[in-house]
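Chemist: Numbering of the sequence shown is given in my numbering, commencing with residue 1 and proceeding in unit increments.
Hints may contain errors.
In silico lysine-lysine, PhoX-like type, Cα no more than 25 Å apart, as pairs [unchecked claim]:
{"hint": "1", "residue 1": "4", "residue 2": "67"}
{"hint": "2", "residue 1": "97", "residue 2": "122"}
{"hint": "3", "residue 1": "242", "residue 2": "67"}
{"hint": "4", "residue 1": "275", "residue 2": "385"}
{"hint": "5", "residue 1": "242", "residue 2": "69"}
{"hint": "6", "residue 1": "266", "residue 2": "70"}
{"hint": "7", "residue 1": "292", "residue 2": "67"}
{"hint": "8", "residue 1": "292", "residue 2": "385"}
{"hint": "9", "residue 1": "381", "residue 2": "4"}
{"hint": "10", "residue 1": "242", "residue 2": "122"}
{"hint": "11", "residue 1": "69", "residue 2": "292"}
{"hint": "12", "residue 1": "122", "residue 2": "69"}
{"hint": "13", "residue 1": "148", "residue 2": "4"}
{"hint": "14", "residue 1": "122", "residue 2": "70"}
{"hint": "15", "residue 1": "292", "residue 2": "381"}
Simulated from the structure, these hints should not be mistaken for lab results.
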Amino acid sequence: MDDKDFEALGFKCGLEIHQQLDTDRKLFCRCPPVYRNDPAHFTIIRHMRPTLSEMGTYDGTALMEFKTKKNITYEFYRDTTCSYEIDDTPPFEMDEKALEISMVIASAMNCALVDEVHVSRKQYLDGSIPTGFQRTAIISLGGFVPWKDGRNIDIRQISLEEDACREVRDEGHEITFRTDRLSIPLVEVVTEPVARNPTEAGEMAEVLGWVMRSTRMVRRGPGATRQDVNVSVEGGQRVEIKGVPFLEWIPPVTAGEAVRQHNLLKIGSLLRDRKLDPSSMDVESFSTMVQKDATPIFSGRRIELFEPWFQGPVEEGNGLDIRAVLIPGFREILSHPTHGDQTFADEISGRLRVIACLDRMPNLFTSDDEPFGGLTMEDVKAVGKLLGAGPDDAFVLVWGPTADTGTGVEEAYIRCREAFDGVPNETRQVITPDMTTFERILPGPDRMYPDTDRPPIVVTPELLERVRSRVPRPWWELKEELMAEGVPSNVAHRLVVSPLLDVFEKAVARGAGKKFAAMFIVEELRHLVRSGVDVGSIDREYLAEAISFPARGISATSALPELISGMADSGRGP
Numbered sequence: 001m002d003d004k005d006f007e008a009l010g011f012k013c014g015l016e017i018h019q020q021l022d023t024d025r026k027l028f029c030r031c032p033p034v035y036r037n038d039p040a041h042f043t044i045i046r047h048m049r050p051t052l053s054e055m056g057t058y059d060g061t062a063l064m065e066f067k068t069k070k071n072i073t074y075e076f077y078r079d080t081t082c083s084y085e086i087d088d089t090p091p092f093e094m095d096e097k098a099l100e101i102s103m104v105i106a107s108a109m110n111c112a113l114v115d116e117v118h119v120s121r122k123q124y125l126d127g128s129i130p131t132g133f134q135r136t137a138i139i140s141l142g143g144f145v146p147w148k149d150g151r152n153i154d155i156r157q158i159s160l161e162e163d164a165c166r167e168v169r170d171e172g173h174e175i176t177f178r179t180d181r182l183s184i185p186l187v188e189v190v191t192e193p194v195a196r197n198p199t200e201a202g203e204m205a206e207v208l209g210w211v212m213r214s215t216r217m218v219r220r221g222p223g224a225t226r227q228d229v230n231v232s233v234e235g236g237q238r239v240e241i242k243g244v245p246f247l248e249w250i251p252p253v254t255a256g257e258a259v260r261q262h263n264l265l266k267i268g269s270l271l272r273d274r275k276l277d278p279s280s281m282d283v284e285s286f287s288t289m290v291q292k293d294a295t296p297i298f299s300g301r302r303i304e305l306f307e308p309w310f311q312g313p314v315e316e317g318n319g320l321d322i323r324a325v326l327i328p329g330f331r332e333i334l335s336h337p338t339h340g341d342q343t344f345a346d347e348i349s350g351r352l353r354v355i356a357c358l359d360r361m362p363n364l365f366t367s368d369d370e371p372f373g374g375l376t377m378e379d380v381k382a383v384g385k386l387l388g389a390g391p392d393d394a395f396v397l398v399w400g401p402t403a404d405t406g407t408g409v410e411e412a413y414i415r416c417r418e419a420f421d422g423v424p425n426e427t428r429q430v431i432t433p434d435m436t437t438f439e440r441i442l443p444g445p446d447r448m449y450p451d452t453d454r455p456p457i458v459v460t461p462e463l464l465e466r467v468r469s470r471v472p473r474p475w476w477e478l479k480e481e482l483m484a485e486g487v488p489s490n491v492a493h494r495l496v497v498s499p500l501l502d503v504f505e506k507a508v509a510r511g512a513g514k515k516f517a518a519m520f521i522v523e524e525l526r527h528l529v530r531s532g533v534d535v536g537s538i539d540r541e542y543l544a545e546a547i548s549f550p551a552r553g554i555s556a557t558s559a560l561p562e563l564i565s566g567m568a569d570s571g572r573g574p
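Kindly produce the complete structure, drawing on both the sequences and the hints.
Modeler: Shown next, in the form of structure tokens:
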């Protein structure tokens, strides 16, 4: 499929870009924003439990997370984390530098800044924040970044937020988070769904990244920038794909999601054509669900498919079982393609992995499958007979701990009921550029509420003046100016978003030619870094001075690399 095909599907995509800020402390405490890979000093175990809202209802995401029965372990460091991260003390004052940087970024995107900054709590129910919520503050509303063909990238809002913990491992009912990343300041830039095809989705993320990097106030490196994409097609639903790690992954990831939604809509249409009644599937009390313990069918046999759980011949009564659930009228639906080599059965498998914690793959077998892993056609017939399946019915077979298989058959039944509606509201995670899988139910619209621990922050005229003085020139204007001086387009582009742009400006002010300074910083310094020279340790004033030497007749151009290497080794100026 090409971009025109996706536009014909009614493709829409908006972005949520999370960019860490270059600050000296965390957002709501004075701990340093550093990553740790050494053993933790101590750990704490907690459990998430759902509570009733003011309206007397439970949040769907909270119920889903509760079903997982996770033991959540947090890793802490005495010298770089504190009682705020543990949730034993209220937040300290917001970091002023982070607030100022977020307002600079918002201004660079032509956004309207708020008059008062109000901290809110956004529910985070996956365990990645010990409090169960993230502290966030809306900094600006509206805005735009010029794009192409007279179009803009429209900005919905920009928020200043604390980052969540890093996931270290997730196995079965045990999940571990490291708190080093918790509360590192970041901005969340939310766009309107203006991308009409997957190529444009990637372009949008790239352009917004250039704007943020042009401030030279953001962090770089692995994990410093994360993109969430929200994708829908005509007739579908907004699906959020979390944490796309690389810009070049955005086009294939969003294309795959569009194809997935298109095929899920086809499945819904097929079910309606079969005159099946979705109300016949009760997913509240499961009164209509037919599920059976199929362990006796396989008892005494060693079956490769079940070996991730059954270490040896299948036995009854050892805390493990093999359970089957009937899906009436779903023959050949479970094997219907969704995208790539994925089928509807993979939709169910993702739910089993996350919610039922059946994470030893493969975690299911369906009646649409050709027998594999030691199963036979006689086994398939026996399970169908056990369930009372008719010729148009299907079944899903799961195996593992008894409590988890019970949850598993319920989740399989729920996902099949959702198939009637086409595309479910959910959050998905990226596995590869061509594959995503279920992560959690999409949170409800009322996941934010006021934080009572911090008073509002008035945006003073003095703060606004400091912000305005730090807003960079639009990168595209500077790029055009450099190209007019003879700087190649690719070099100009890399320079305007480089953290060494100020070194370029200082070198030019000392007499260096713009083309020479740009080429040297982008090309030669990169070669020096790759050869092991610690260019970042050199005082920026000294570095700019050295780059200006050839234009001033102080040294030859060919001598500069050796001169700069010596400066890095000695820690002194030229």
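Chemist: Each of the hints needs a verdict: does it hold here or not?
Modeler: Hints, one by one, checked against the model:
no.: 1; hint: 4 with 67; verdict: violated, 42 Å
no.: 2; hint: 97 with 122; verdict: holds, 22 Å
no.: 3; hint: 242 with 67; verdict: holds, 21 Å
no.: 4; hint: 275 with 385; verdict: holds, 24 Å
no.: 5; hint: 242 with 69; verdict: holds, 22 Å
no.: 6; hint: 266 with 70; verdict: violated, 35 Å
no.: 7; hint: 292 with 67; verdict: holds, 21 Å
no.: 8; hint: 292 with 385; verdict: holds, 11 Å
no.: 9; hint: 381 with 4; verdict: violated, 46 Å
no.: 10; hint: 242 with 122; verdict: holds, 16 Å
no.: 11; hint: 69 with 292; verdict: holds, 23 Å
no.: 12; hint: 122 with 69; verdict: holds, 22 Å
no.: 13; hint: 148 with 4; verdict: holds, 17 Å
no.: 14; hint: 122 with 70; verdict: holds, 21 Å
no.: 15; hint: 292 with 381; verdict: holds, 14 Å
The structure is inconsistent with the numbered hints 1, 6, 9, although it conforms to all the rest.
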